[in-house]
Amino acid sequence: MPDTGQAVNGTIEKRAREDKFQGHDYYAIDELLEDDHLIARDAVRTWVKQEVSPIIEEYAERAECPKHLYKGLAEIGAFGPNIPAEYGGGGMDEIAYGLIMQELERGDSGIRSMASVQGSLVMYPIWKYASEEQKRKYLPKLGNGDFIGCFGLTEPDHGSNPGGMVTNIKDDGDAYILNGAKMWITNSPVADIAVVWAKDEEGKIRGMVVEKDMPGFSAPEIHGKWSLRASITGELVFEDVRVPKANVFPEIRGLRGPLSCLSKARFGIAWGAIGAAMDCYDSALRYSLEREQFGRPIGGFQLTQKKLAEMITEITKAQLLAWRLGTLANKGKATPAQISMAKRNNVHMALEVAREARQIHGGMGITSEYPVMRHMMNLETVLTYEGTHDIHLLITGHDVTGLNAFQ
Amino acid sequence: MKLLVCVSKTPETTAKIAFTDGDTQFDATGVQFIMNPYDEWYALVRALELKEAQGGSVTVINVGPASNDTIIRKALAIGADEAVRVDAEPSSSMFVAQQIAAYAKKEGFDAVFLGKETIDYNGSEVGAMVAELMEAPFVSYASHMEMDGDTATITRDIEGGSETVEVKAPFVLSAAKGLAEQRIANMRGIMMAKRKPLKVEAPVEADDLAVAVHYELPPKKGDVKLIDPEDMDELVRLLHEEAKAI
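For the protein sequence lines, the chains are F and A, in the order given.
Per UniProt numbering: the first sequence ends with 407, consecutive numbering throughout.
Per UniProt numbering: the second sequence ends with 246, consecutive numbering throughout.
Hints were generated in silico from the structure; no laboratory data involved.
For each residue, glycine too, the CB sits at the ideal point set by N, CA and C.
Any given hint could turn out to be false.
So the derived label-pair ranges between C-beta atoms look like this [said to hold, decoys possible]:
1) A/ALA15 x F/LEU403: 48 to 58 Å
2) A/ILE17 x F/GLU290: 13 to 23 Å
3) A/GLY178 x F/GLY23: 25 to 35 Å
A short, non-exhaustive set of chain F residues, derived as facing chain A with CB atoms under 8 Å [what the hints assert, rightly or not]:
4) LEU38
5) ALA40
6) THR46
7) GLU75
8) ILE76
With the hints as constraints, model all of the structure from the sequences given.
Given below as structure tokens:
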């Protein structure tokens, strides 16, 4: 297993340049938030300014994962903040979770992905579906960062159609024999455990916890990504892996299990994308007031103002969508289709904001002096992972017409 | 040790500053507020370190309206045990100092910590006033402090160097950079803070001995003057007569 957290060309030191980011709240949405939301957002923003901003450009350039941040994410409580405290989570509500994801993605989508996967795709299914014994065994260690987890659903030939998966388990006494392969798995090369979804002999999808030391299990890294370069991605390969029956989630059957996890993660992405968009807007706004052409700041020209005005309008709309979705989620009333709409809208919004911000920065916008190109490249992934932009559209289409356009 | 830490609410450092009512009132419209960094990063954290090393408790106090509860909860999330808010507008340094001193005397604290100044009005007054009202020693600009029994050894910044002093509890300390390192609240701390007591006290009778009558913003920076590199005399003249730098 490659040790990608180590710098290839020497250690990466913190940059001295200050991260001047300020939040943007055009519609005074802060007034809709509670004290603990504001304190949580402020804490994560401070942490990102101290720990992420000074190193992220260089890790992204080198395509290395800043593995030391896993422990830092655990210390601030970014792993499973909405999982009950007795199981190692933070016991916070969904809006707090969303704001934490927003601030992490303001730093980098890859860092947010590290936390999203650990919380929504690993801790959540174990909390929701595992036996009490498994919960006690895994959740506290996942919450404090002793264990890193990953989530295996997507396969090389089954992305938007997870139900077609070929990874399978066969009954073998006190264990199941697991065979198959998973693809595009965030955290997999560094993960201690994987939550894996596979079909049983009746063709029903089952979930289970696979530990990295189980014979026949490997997790090779995927190289050559031009996006989420500071996040580590890999495969999961299972060759006759004996998974004890105690590790298999006892009750849950079918796609409902993994899709419920994806709903949690997509909810976080709907918030996270706002963070990336705000960072691009913030940088573009500041640059437009500093950069002079034709004898005055470019922010004074109509075409620049059009870009900035549209950016803040779209960011504000996305914030309201996320806030309302969070309010519904806190009541347990956010539907998967509502989450799809927010994920799709907000990620696309963020990508458009990144592209416009890149133009405002001119040539500087393509360099690592500014965060926008990195965010833009990251958002290309975010646009299609956790349900593609098109699939989420069809989920909305299905929801409003009652007609399924997938098949 | 039973420690009291004063936390003040200040505008966020990048806030646009403006005044209303004929330049007699600060205009808080649209301004984001934070806990005064000298209170948060240095005074509060050093108090928490002492409690963790030697036992005791840390209480935070703020004089202000209910909208200040966000920063008080943040202090609890970072680790303070309990909080008290004196429910009154902090109209002057003396008014605030009288509230803090009254509470400190009533509850009997071993020490009162606060930042060396607030980053808005830069008064550096409240600490000295509290000490005087408590009839306790005051050590300002502390950049290092250790406790041994009831004796504190405190290093304070002075012009061009430092001075180390000893005081016996109870005392009042104003904290400067170096006294401690900023701590970030974690999510568990934020949730625990929701269950920690935040008492609201009525203010004691107190007077504003000094009243702000007028505020003024610094003059806007003028345009940069470009001087011909050959014209050293003009550069020297401007530095001397206009910039008054030489």
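Outcome of the hint check:
For the pair A/ALA15 and F/LEU403, the beta carbons lie near 52 Å from each other, so the given range of 48 to 58 Å is met. About 21 Å separates the C-beta atoms of A/ILE17 and F/GLU290, a value consistent with the hinted range of 13 to 23 Å. One distance hint, 25 to 35 Å for the beta-carbon pair A/GLY178 and F/GLY23, holds here, with the actual separation near 29 Å. Checking F/LEU38 against chain A: minimum C-beta separation of about 6 Å stays under 8 Å; hint holds.
Interface hint at F/ALA40: satisfied, since its Cβ lies 5 Å from the closest Cβ of chain A, which is below the 8 Å cut-off. A least Cβ separation of about 5 Å between F/THR46 and chain A falls short of the 8 Å threshold, and the interface hint therefore holds. Checking F/GLU75 against chain A: minimum C-beta separation of about 6 Å stays under 8 Å; hint holds. Taking 8 Å as the C-beta contact cut-off toward chain A, the hint placing F/ILE76 at the interface holds, the least distance being around 5 Å.
The structure agrees with every numbered hint stated previously.
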